[in-house]
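Construct the complete structure from the given sequences, taking the supplied hints into account.
Listed below are the residues making up each chain.
Protein chains: 2
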Amino acid sequence: VRTEIELDAKQRKILYQTELFEVASIEWTDKNVATLHNHGWSQCHVLIESGSFENSLDLGFKKEIQQLEKGQTFSTPLGSWHKLRCLSAQGRTLHVYAPKISERNEASIFKTSALEAIGGDLRLDTPTNFEELKKILENIRKHSISTDSPYFMNQLFSGVLPQMLLAEDVISQTKTTMATFEASPALSVIEAEVIESLGAIIGWPKDMRDGVCVPGGSAANFMAIHCARQKLLPEIKKNGMNEVKLKIFASEEAHYSLKKACATLGLGTDALIAVPADDHGRMKVETLESLVIASINKGEVPVLVCATAGTTVLGAFDPIDTIAQICKTHGLWLHVDGAWGGPALFSDQARNLVQGIELADSVTFDAHKLFGANLTCSFFLTKHAGLLLEANDVSGAEYLFHSDDATIDRGRLSWQCGRKADALSFWAIWKSLGTSGLGEVVDQLIAIRDETLDWIKTQPRLALVSIPDFLNVCIRILPPQEKSNSHDWSRKVREVLRENNFAFVNFSSDESGSFLRLILAHPYLQFKHVKQILKWSLEVE
Amino acid sequence: VRTEIELDAKQRKILYQTELFEVASIEWTDKNVATLHNHGWSQCHVLIESGSFENSLDLGFKKEIQQLEKGQTFSTPLGSWHKLRCLSAQGRTLHVYAPKISERNEASIFKTSALEAIGGDLRLDTPTNFEELKKILENIRKHSISTDSPYFMNQLFSGVLPQMLLAEDVISQTKTTMATFEASPALSVIEAEVIESLGAIIGWPKDMRDGVCVPGGSAANFMAIHCARQKLLPEIKKNGMNEVKLKIFASEEAHYSLKKACATLGLGTDALIAVPADDHGRMKVETLESLVIASINKGEVPVLVCATAGTTVLGAFDPIDTIAQICKTHGLWLHVDGAWGGPALFSDQARNLVQGIELADSVTFDAHKLFGANLTCSFFLTKHAGLLLEANDVSGAEYLFHSDDATIDRGRLSWQCGRKADALSFWAIWKSLGTSGLGEVVDQLIAIRDETLDWIKTQPRLALVSIPDFLNVCIRILPPQEKSNSHDWSRKVREVLRENNFAFVNFSSDESGSFLRLILAHPYLQFKHVKQILKWSLEVE
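Read top to bottom, the protein sequences are chains A and B. With the first letter of the first sequence counted as 1, position 11 gets the number 11 in my numbering; the numbers rise by one all the way through. With the first letter of the second sequence counted as 1, position 187 gets the number 187 in my numbering; the numbers rise by one all the way through.
These are calculated hints, taken from the structure and not from any lab test. Hints may contain errors.
Repeated chains share a single entry, so a pair holds when one copy, or any two copies, can fit it.
[Unchecked claim] Derived pair list, reagent style DSSO-like, types lysine-lysine, alpha-carbon separation capped at 27 Å:
#1 K245 with K298
#2 K83 with K528
#3 K83 with K31
#4 K231 with K245
#5 K63 with K134
#6 K13 with K70
#7 K70 with K83
Next comes the structure, spelled out in structure tokens:
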């Protein structure tokens with residue numbers, strides 16, 4: 001067994017140290033190791049001047065090891081962690097940090113009141129010089145919520161991946177629009193490749209796969225209703241809606257964007273029929289069928305059923321295969337909202353949660369949630385190739401679309417015109433991890449969840465709200481014995497965690513009162529983080 | 001007059017040179033100057049070791065000068081140009097380039113065929129190590145269209161601003177959602193500040209200003225129709241559309257997104273009534289009024305008139321004040337689509353183009369076009385404070401929105417849920433240039449346009465399509481004498497410019513044939529660039 005010996009401060013010689021950059025030379029002896037560390041938002045560039053080294057890189061959901069010899073160089077990607085080890089008896093390395101090494105915020109910021117310090121700087125009016133602008137932007141970063149902390153679990157995303165940051169650089173620096181192929185050839189191919197690959201994972205035949213990148217999961221659900229309406233009643237595109245009452249069915253636990261979509265699309269919020277959910281948060285399918293039949297009997301026109309793969313609160317999965325049968329019987333469009341739970345597609349362990357998804361007419365998939373792409377990186381996927389074009393393309397854009405091949409200009413598939421190359425952010429993560437690696441992301445987090453569930457059993461003051469299907473752990477914190485009212489205790493705990501900058505978790509309520517919702521999604525998450533949050537929760541008085 | 005003497009190569013001593021970074025020491029003598037240069041996508045960090053220096057920084061649309069003494073440091077922002085001058089008899093500076101200095105693409109890439117070289121690397125399947133991923137992303141950048149070139153004029157945007165790149169770093173690294181204040185306090189305040197400031201520039205009273213960041217100008221036009229419908233017939237939100245025929249009026253030159261919006265919102269594309277435009281591309285307002293009256297007489301329900309401030313092809317501005325009177329007479333919502341021409345608001349010289357805009361009920365403003373923000377940074381602005389909430393907010397999102405104050409969580413104003421902090425990108429540019437500086441952007445480009453128009457008069461083979469209102473210069477290129485058919489000549493010229501990687505301009509057509517559309521928008525644009533494109537155009541055989 002090899003003993004690791006930390007570097008001594010004396011071995012590190014600073015050649016240049018300024019506010020903006022730092023150049024340092026390090027002399028290594030055998031068994032030296034520089035412990036796993038995080039350069040925050042500074043990039044570390046290293047030249048091996050002599051000796052042999054091993055660099056272990058933790059990219060979030062993925063580790064890589066590089067062997068390095070004299071003359072070789074490497075950079076530590078922004079947002080990653082690494083450990084450098086000297087393999088030879090002696091060695092020397094040169095390190096350039098530019099900008100100068102700066103740790104990420106030492107403590108996480110979860111309090112919104114942190115903002116007060118910079119309020120005045122945010123006003124717009126007079127010109128500001130660039131140095132000042134940099135300082136203010138740095139302050140905005142410092143006073144923003146630490147979503148990169150493993151203790152940030154408030155949203156269905158957490159953490160900042162190095163692959164995403166790298167892709168975002170390319171997106172910003174190539175600033176272009178996804179509307180036409182001629183303006184963005186490589187990025188159009190990349191968007192198509194991601195959509196094609198997602199369609200394959202879902203299990204749709206090659207020639208049926210279609211889709212488009214949309215600004216968020218809400219927009220994808222919107223597009224599902226829009227396409228389903230187009231398929232059933234194509235004349236509405238030209239003539240508009242009439243007195244026919246179209247109806248959409250979704251579980252009462254489904255995302256509120258369906259209701260927003262009904263309002264904007266002109267169906268009206270009454271068009272959305274909420275199907276009751278069971279104690280696990282899953283749609284009661286027997287009730288679905290009776291609601292559909294009742295609607296038909298009233299002379300209404302059911303169009304679409306939305307099965308949720310991963311509800312926002314409990315992370316529940318509606319039984320897609322059973323719902324698919326009902327849709328088939330009544331000729332309804334089946335949409336699967338996989339904004340949160342879509343990644344289960346990639347996992348051997350979780351794939352059963354989305355059994356039957358290949359029967360869906362369309363799927364919502366958000367890569368900016370579990371898979372760590374940048375907001376927003378959402379996909380509307382459908383097996384009705386050509387329907388997006390039929391639903392969205394109009395005349396009057398001859399100034400823009402010069403190609404006769406309608407499939408080449410991706411803007412014609414969308415109700416957007418100019419849009420950012422969001423797909424690249426997920427593409428870079430997928431390219432780095434590979435298809436198998438994306439499955440392992442889910443499996444790793446499920447293992448942490450199972451460890452959490454085992455530990456909860458040992459804690460009398462922690463009560464699971466329901467056995468989780470996925471990566472939402474919903475827990476009621478029971479108050480210390482002397483307190484009688486437990487109804488709002490979990491909500492109180494949530495606020496104490498936040499006000500003390502310990503952790504930022506969300507809460508929800510049921511008839512028994514409030515409970516915490518822990519979301520396991522951070523790329524560097526370990527069980528110890530989850531346990532720590534729960535320990536802090538139990539300490540609240 | 002001070003003579004500038006360029007640095008001699010001997011004065012520059014490389015201390016470390018690797019593939020990833022470079023450290024150099026420079027000895028200066030009086031009158032030395034390092035000419036304006038561009039570090040491309042590398043950052044240059046400088047320490048003044050001795051002497052006094054002056055650094056001139058060109059940030060695009062803005063120049064800044066810094067005085068620097070011994071011990072001070074500065075960084076050259078990504079995407080900017082700079083010139084360093086020694087003011088003292090002698091001086092020494094230390095330069096760190098990390099990543100190593102790399103020029104932007106030497107030649108601009110405008111051909112889509114460049115993509116073929118990297119096609120295989122874009123496939124998704126097996127994992128790729130980080131070094132390889134970096135190389136592929138670098139290739140994607142290299143094979144993407146050079147939208148940062150001043151010869152890129154194909155879109156209504158061009159160039160990459162340092163302020164935008166800096167803001168995008170903060171957006172990526174703070175990865176958060178604009179849905180709730182608690183998740184993004186600073187960024188929510190910033191979005192509100194931009195919207196408030198835009199409302200003030202438009203001239204709306206303080207307590208009426210409202211708006212929300214939306215994914216593109218198309219989405220803003222969509223929101224306009226959605227809000228106008230909500231105001232006129234609020235029951236549609238709940239009940240859906242019925243047999244009432246709502247009608248929207250816009251010039252035949254208006255953006256095609258209005259038609260897409262009619263299709264998706266359930267009005268149907270027939271709801272859009274195209275008003276003829278005159279030879280300058282401006283709406284014929286006398287025809288507008290007769291079309292509105294005819295529609296009312298048919299029992300239809302006119303809802304909204306869209307006045308375009310800056311059409312896509314000719315850059316024409318509809319007469320807002322006259323249209324406003326017609327809207328007032330008939331009780332119609334006035335929307336101004338200022339996606340392209342909105343910046344005229346800031347300019348003393350161009351403000352008259354949007355005279356009467358304060359009478360509008362809503363405005364579309366794209367900051368990612370002329371003002372150089374990242375795609376997409378679009379704003380839907382309205383003077384009906386509270387209406388966005390009324391039109392978009394629904395129940396069912398209690399898991400997300402915990403505040404009782406409906407104005408604090410910006411997600412409730414939108415049909416989106418999670419969304420990126422796009423507003424920061426424009427905020428950083430506005431903060432840098434100031435309100436007056438944004439006006440100067442427009443004025444500077446108008447001056448280049450006027451120089452161009454004067455030069456065109458001297459060229460017998462260049463024919464203006466119409467006198468431009470704004471920054472679109474539409475020119476027909478007449479073929480060399482021996483060619484008889486001029487109908488498609490300009491289109492041919494456009495393809496030759498592109499295939500030779502000279503320039504990327506768009507074209508359009510009227511009854512006399514095709515013509516080029518030059519868009520003056522690049523932050524570093526000079527008249528010489530425009531003249532060069534036209535000279536190349538005249539050389540095509």
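Cross-check of the supplied hints:
1. In this assembly of identical chains, the alpha carbons of K245 and K298 lie at most 27 Å apart whether taken from the same copy (10 Å) or from different copies (25 Å).
2. In this assembly of identical chains, the alpha carbons of K83 and K528 lie at most 27 Å apart only when taken from the same copy (21 Å versus 52 Å across copies).
3. Taking the shortest Cα distances, K83 and K31 sit within 27 Å of each other inside one copy (13 Å), while across copies they are farther apart (47 Å).
4. For the identical chains of this complex, K231 and K245 are neighbours both inside a copy (16 Å) and across copies (22 Å), given an alpha-carbon limit of 27 Å.
5. In this homomeric assembly, K63 and K134 come within 27 Å of each other (Cα to Cα) only across copies, at 16 Å, whereas the closest approach inside a single copy is 33 Å.
6. In the homo-oligomer, the alpha carbons of K13 and K70 lie at most 27 Å apart both inside one protomer (19 Å) and across protomers (22 Å), since each shortest distance falls under that limit.
7. For the homomeric pair K70 and K83, the shortest alpha-carbon distance inside one copy (18 Å) is at most 27 Å, but the shortest distance between copies (36 Å) is not.
When held up to the earlier numbered hints, the structure conflicts with none and fits them all.
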